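Protein chains in written order, with numbering that gives the first Met the number 0: chain A, 0 to 264; chain B, 0 to 264; chain C, 0 to 266; chain D, 0 to 266.
Derived from the structure by calculation, the hints contain no laboratory data.
The structure displayed is predicted, hence computed values, not measured ones.
Positions of the beta carbon are idealized from the N, C-alpha and C atoms, including for glycine.
Hints are supplied without guarantee of correctness; some may be wrong.
[To be verified] Quick look at which bits of chain D chain C covers, simulated, 3 or more residues with Cβ under 8 Å:
{"hint": "1", "stretch": "92 to 99"}
{"hint": "2", "stretch": "116 to 127"}
{"hint": "3", "stretch": "147 to 161"}
{"hint": "4", "stretch": "219 to 232"}
Chain by chain, the residues:
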Amino acid sequence: MTELSTVDTATWTADEMMTVAAARALGDGAVCFVGIGLPSTAANLARRTHAPNLVLVYESGTLGAKPDFLPLSIGDGVLAETADSVVSVPEVFNYWLQPGRVDIGFLAAAQLDRYGNINTTVIGGDYANPRVRLPGAGGAPEIAASCREVIVVVRQNPRTFVDRLDFVTSLGYGSGPDDRRRLGLRGGGPRVVITDLGVLEPDPATCELTLTRLHPGATVEQARAATGWPLAVAAEPGSTQPPTAGELAVLRHLEATKGNREAAS
Amino acid sequence: MTELSTVDTATWTADEMMTVAAARALGDGAVCFVGIGLPSTAANLARRTHAPNLVLVYESGTLGAKPDFLPLSIGDGVLAETADSVVSVPEVFNYWLQPGRVDIGFLAAAQLDRYGNINTTVIGGDYANPRVRLPGAGGAPEIAASCREVIVVVRQNPRTFVDRLDFVTSLGYGSGPDDRRRLGLRGGGPRVVITDLGVLEPDPATCELTLTRLHPGATVEQARAATGWPLAVAAEPGSTQPPTAGELAVLRHLEATKGNREAAS
Amino acid sequence: MAVIVPLHQAVAELIHDGDTVAMEGFTHLIPFGAGHEIIRQRRRGLTLVRMTPDVIYDQLIGMGCARRLVFSWGGNPGVGSLHRFRDAVENGWPAPLELEEHSHAGMANRYVAGASGLPFAVLRGYTGTDLATQTGNIKPITCPFTGEVLTAVPALRPDVAVVHAQRADRAGNVQLWGIIGVQKEAVLAAERSLVTVEEVVDELDPRPGAIVLPAWALSMVSVLPDGSHPSYTHGYSVRDNDFYLAWDAISRDRQRFTDWMEEHVMR
Amino acid sequence: MAVIVPLHQAVAELIHDGDTVAMEGFTHLIPFGAGHEIIRQRRRGLTLVRMTPDVIYDQLIGMGCARRLVFSWGGNPGVGSLHRFRDAVENGWPAPLELEEHSHAGMANRYVAGASGLPFAVLRGYTGTDLATQTGNIKPITCPFTGEVLTAVPALRPDVAVVHAQRADRAGNVQLWGIIGVQKEAVLAAERSLVTVEEVVDELDPRPGAIVLPAWALSMVSVLPDGSHPSYTHGYSVRDNDFYLAWDAISRDRQRFTDWMEEHVMR
Chain A
0 MTELSTVDTA TWTADEMMTV AAARALGDGA VCFVGIGLPS TAANLARRTH APNLVLVYES
60 GTLGAKPDFL PLSIGDGVLA ETADSVVSVP EVFNYWLQPG RVDIGFLAAA QLDRYGNINT
120 TVIGGDYANP RVRLPGAGGA PEIAASCREV IVVVRQNPRT FVDRLDFVTS LGYGSGPDDR
180 RRLGLRGGGP RVVITDLGVL EPDPATCELT LTRLHPGATV EQARAATGWP LAVAAEPGST
240 QPPTAGELAV LRHLEATKGN REAAS
Chain B
0 MTELSTVDTA TWTADEMMTV AAARALGDGA VCFVGIGLPS TAANLARRTH APNLVLVYES
60 GTLGAKPDFL PLSIGDGVLA ETADSVVSVP EVFNYWLQPG RVDIGFLAAA QLDRYGNINT
120 TVIGGDYANP RVRLPGAGGA PEIAASCREV IVVVRQNPRT FVDRLDFVTS LGYGSGPDDR
180 RRLGLRGGGP RVVITDLGVL EPDPATCELT LTRLHPGATV EQARAATGWP LAVAAEPGST
240 QPPTAGELAV LRHLEATKGN REAAS
Chain C
0 MAVIVPLHQA VAELIHDGDT VAMEGFTHLI PFGAGHEIIR QRRRGLTLVR MTPDVIYDQL
60 IGMGCARRLV FSWGGNPGVG SLHRFRDAVE NGWPAPLELE EHSHAGMANR YVAGASGLPF
120 AVLRGYTGTD LATQTGNIKP ITCPFTGEVL TAVPALRPDV AVVHAQRADR AGNVQLWGII
180 GVQKEAVLAA ERSLVTVEEV VDELDPRPGA IVLPAWALSM VSVLPDGSHP SYTHGYSVRD
240 NDFYLAWDAI SRDRQRFTDW MEEHVMR
Chain D
0 MAVIVPLHQA VAELIHDGDT VAMEGFTHLI PFGAGHEIIR QRRRGLTLVR MTPDVIYDQL
60 IGMGCARRLV FSWGGNPGVG SLHRFRDAVE NGWPAPLELE EHSHAGMANR YVAGASGLPF
120 AVLRGYTGTD LATQTGNIKP ITCPFTGEVL TAVPALRPDV AVVHAQRADR AGNVQLWGII
180 GVQKEAVLAA ERSLVTVEEV VDELDPRPGA IVLPAWALSM VSVLPDGSHP SYTHGYSVRD
240 NDFYLAWDAI SRDRQRFTDW MEEHVMR
């Protein structure tokens with residue numbers, strides 16, 4: 000483990016800030032449906048800092064995985080080895096995700112609109128002849144539908160934060176506050192969108208994403224410029240606490256030993 | 000194991016004859032859905048005589064059980080210990096029985112009619128206030144529906160072989176040759192009914208059960224008297240071969256060591 | 000999140016008069032001990048759910064705990080009738096017993112639907128039988144792609160599921176193995192759950208064939224060694240077949256049954 | 000009943016031009032070796048089915064084996080795009096690729112329905128998304144008991160399922176453990192099946208977390224050590240992440256891809 004005293008806490012990357020902010024959004028004891036990449040890093044960071052009892056569920060069917068180093072894929076052996084239980088893929092979706100047993104789902108986005116709807120399918124052209132073919136839905140539509148709440152982690156820029164999605168892969172609040180109820184979705188929808196600039200939360204009345212917090216150094220103007228619609232901003236946006244030395248030390252150790260069974264301490 | 004020379008092959012009980020006849024109806028390598036009691040005895044007898052590769056599936060979820068003594072219940076530990084695979088009860092019905100992967104299902108009956116329909120629910124009175132409340136359906140309706148073929152094993156007498164069932168628990172041929180197809184059932188229905196007097200098989204054209212074979216000592220007159228409808232009889236009913244010394248030795252050993260782990264050889 | 004509490008407390012807190020209670024265990028791991036505690040606490044008006052109501056449900060019915068039974072096979076396995084069940088259905092003693100009757104495949108799928116958060120399940124089942132004439136809970140459903148007609152049954156969503164298992168760890172994670180039956184589905188289908196276990200251990204070391212019910216999906220765990228007797232717990236006990244045989248005579252007579260229960264369960 | 004045969008024979012006998020082929024394995028146990036044999040045998044017009052088409056499907060698509068892809072997530076896990084997949088969809092190279100796109104939950108349930116002998120599955124899925132606008136294989140279905148509207152998807156019934164597993168016994172029973180994915184369902188949903196295994200052993204001694212696919216539910220088993228590389232086989236190999244990273248550059252360029260395949264797969 001990196002010594003705390005050697006951690007450079009004066010500088011950090013935007014990704015580090017996003018990851019730390021995402022980790023902080025995970026309460027201890029919560030059951031968290033974890034995708035690979037930043038969500039997995041954030042969840043493992045949380046489990047090693049303030050949330051030792053966080054339950055990690057990976058869609059590969061590993062319930063309660065406790066990897067001692069960061070896995071490289073959603074299906075690494077270390078997840079099966081350390082899980083409380085390994086179940087089939089149909090079971091993880093049907094018995095665990097669908098009935099609403101998962102507290103928090105993480106989603107990424109290639110495009111995001113003001114109601115937290117997400118596109119990860121195609122960009123430009125039409126569906127059959129797209130300009131860019133993205134990987135597609137994966138587990139996201141049902142994570143978005145069924146988790147008690149969703150955390151979206153995505154870099155903020157006008158290509159991503161768009162006025163209108165090219166394709167709705169996963170539903171946020173649809174076109175407003177009543178849509179999820181009308182459609183019979185049981186999960187609560189996006190509770191928070193964490194970007195490299197700050198944090199957006201749905202307005203309690205309209206469900207429109209509203210900038211409620213800025214990361215250190217970021218400004219409202221930057222956030223507006225990075226958003227493809229007229230961004231709603233809270234009356235007095237808060238400020239994210241910078242990453243602590245402890246958070247950075249753990250995070251950098253996790254990243255440095257990613258996929259490395261031997262380097263794990 | 001009982002010595003062959005000590006087996007009294009001159010006498011046997013009607014139940015022994017039924018069990019031996021049922022065992023002989025099981026081809027080697029067949030996959031057999033086995034209930035407790037006579038079917039389990041017959042299947043284990045077959046596996047120890049002419050059908051060493053018989054696959055026994057118990058509805059408790061034990062696939063390919065190879066008990067070294069007769070289990071007392073459908074869920075004895077020896078079944079799980081010797082199975083190729085132990086699956087959940089939903090899985091055994093949904094993945095294994097329902098799609099038609101099982102060659103042979105065994106059924107018993109409290110009442111049976113001429114088309115091989117079975118009642119194991121209520122006798123007399125009406126459903127809500129029956130004269131006799133029987134255990135009910137269990138796995139039988141879907142065994143009757145989905146196995147490639149069904150073997151019914153039942154003692155023949157007018158109380159059981161009735162003109163009209165008080166309740167249809169499990170379907171044989173319904174009211175005639177077209178009913179199974181019309182109802183969309185995929186299994187073939189009762190291939191043979193084995194009784195203490197002989198063997199009945201469905202008429203190829205009408206599906207009506209027809210006496211085609213008599214056990215040693217039984218007569219057509221006895222069979223007619225034991226049947227609550229005008230019994231169809233084949234032009235020249237065959238004769239069941241008596242139990243061999245080998246069959247009786249294995250059968251009696253199985254019965255004598257039933258449920259007895261220590262006595263199993 | 001599971002808490003580990005004494006059995007009397009778990010039953011008192013989780014199971015109330017009028018509840019729908021599913022006690023599962025397919026021959027193996029039948030939660031007899033928990034059932035006896037329910038009888039001792041004199042619960043009334045229960046809807047009892049179980050694929051194979053056997054001696055434990057015979058006892059609950061005979062002691063007047065049940066108003067309704069949802070089931071697929073009600074017998075004493077390998078022995079014969081359940082006399083208290085029959086007496087209730089045939090003669091209304093000690094009270095009438097309403098029945099909702101299914102096949103095993105139907106019941107198993109009803110639990111699966113409940114565990115999956117779905118309102119119904121689809122199967123190839125009941126076709127051509129009289130079962131659908133006795134309940135509104137068996138209906139046809141048409142495949143929207145092929146037009147084929149199949150059978151739908153509603154999800155089971157018991158208020159409480161009760162199961163027995165080999166062991167738990169101190170956090171309340173439960174491990175069971177051997178014949179696993181429909182216990183996971185029953186627990187996940189239910190609003191609340193109680194698992195009795197043979198023992199609590201520091202570590203649930205992995206075992207062939209074992210499944211784990213995570214603590215975060217359970218309500219309460221109670222330690223109850225031999226809590227499945229006369230059923231059995233794979234690796235801990237063997238099925239007491241003599242008891243199942245003896246039950247036939249004990250349960251035939253109302254007075255003998257009542258005396259036996261007073262002597263062996265109530266005190 | 001499974002027969003154990005060499006891989007080239009299994010592929011030649013089981014997989015034909017125009018077949019629908021499901022090769023499954025969720026990160027773990029991806030049947031790369033079998034996929035390469037399909038490429039070597041130059042199958043054409045395949046409908047490829049897979050929840051997570053990754054590098055093996057990128058290779059099959061780039062080599063012109065596929066006409067259609069049924070899938071739920073097409074990327075290089077943890078790395079990024081599948082360039083051959085994208086080139087086929089965006090530019091029709093080497094041939095147009097028809098897509099049928101689902102979510103993971105939808106695909107998993109389609110396999111479950113196939114394995115269960117049902118024509119469709121029901122789930123809470125796709126709601127409010129545009130996925131249903133692009134295929135007729137996502138339809139609403141109404142619960143006959145509650146009136147609630149859910150989603151139906153048709154069963155997957157591939158002509159052939161191909162999976163990799165740790166080992167088989169001499170009778171052709173197959174054992175796999177670790178992340179088990181949707182392999183059992185894919186095999187049981189398919190008309191025919193091919194399982195490649197690391198080794199054949201005398202006895203499949205029970206192991207924690209292992210499932211067994213009985214020989215009587217399989218068509219063919221082929222021995223293929225390291226047959227999952229660059230994926231992995233729990234207990235036998237580890238995931239070759241460097242290869243997954245390297246694939247990004249190899250596959251970006253048509254010529255470099257073709258050269259690589261000639262060099263490493265075709266000869």
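**Message:** To test your reading of the hints: which numbers does this structure violate?
**Reply:** Going through the list in order, the structure violates hints 1 and 4 and respects the others.
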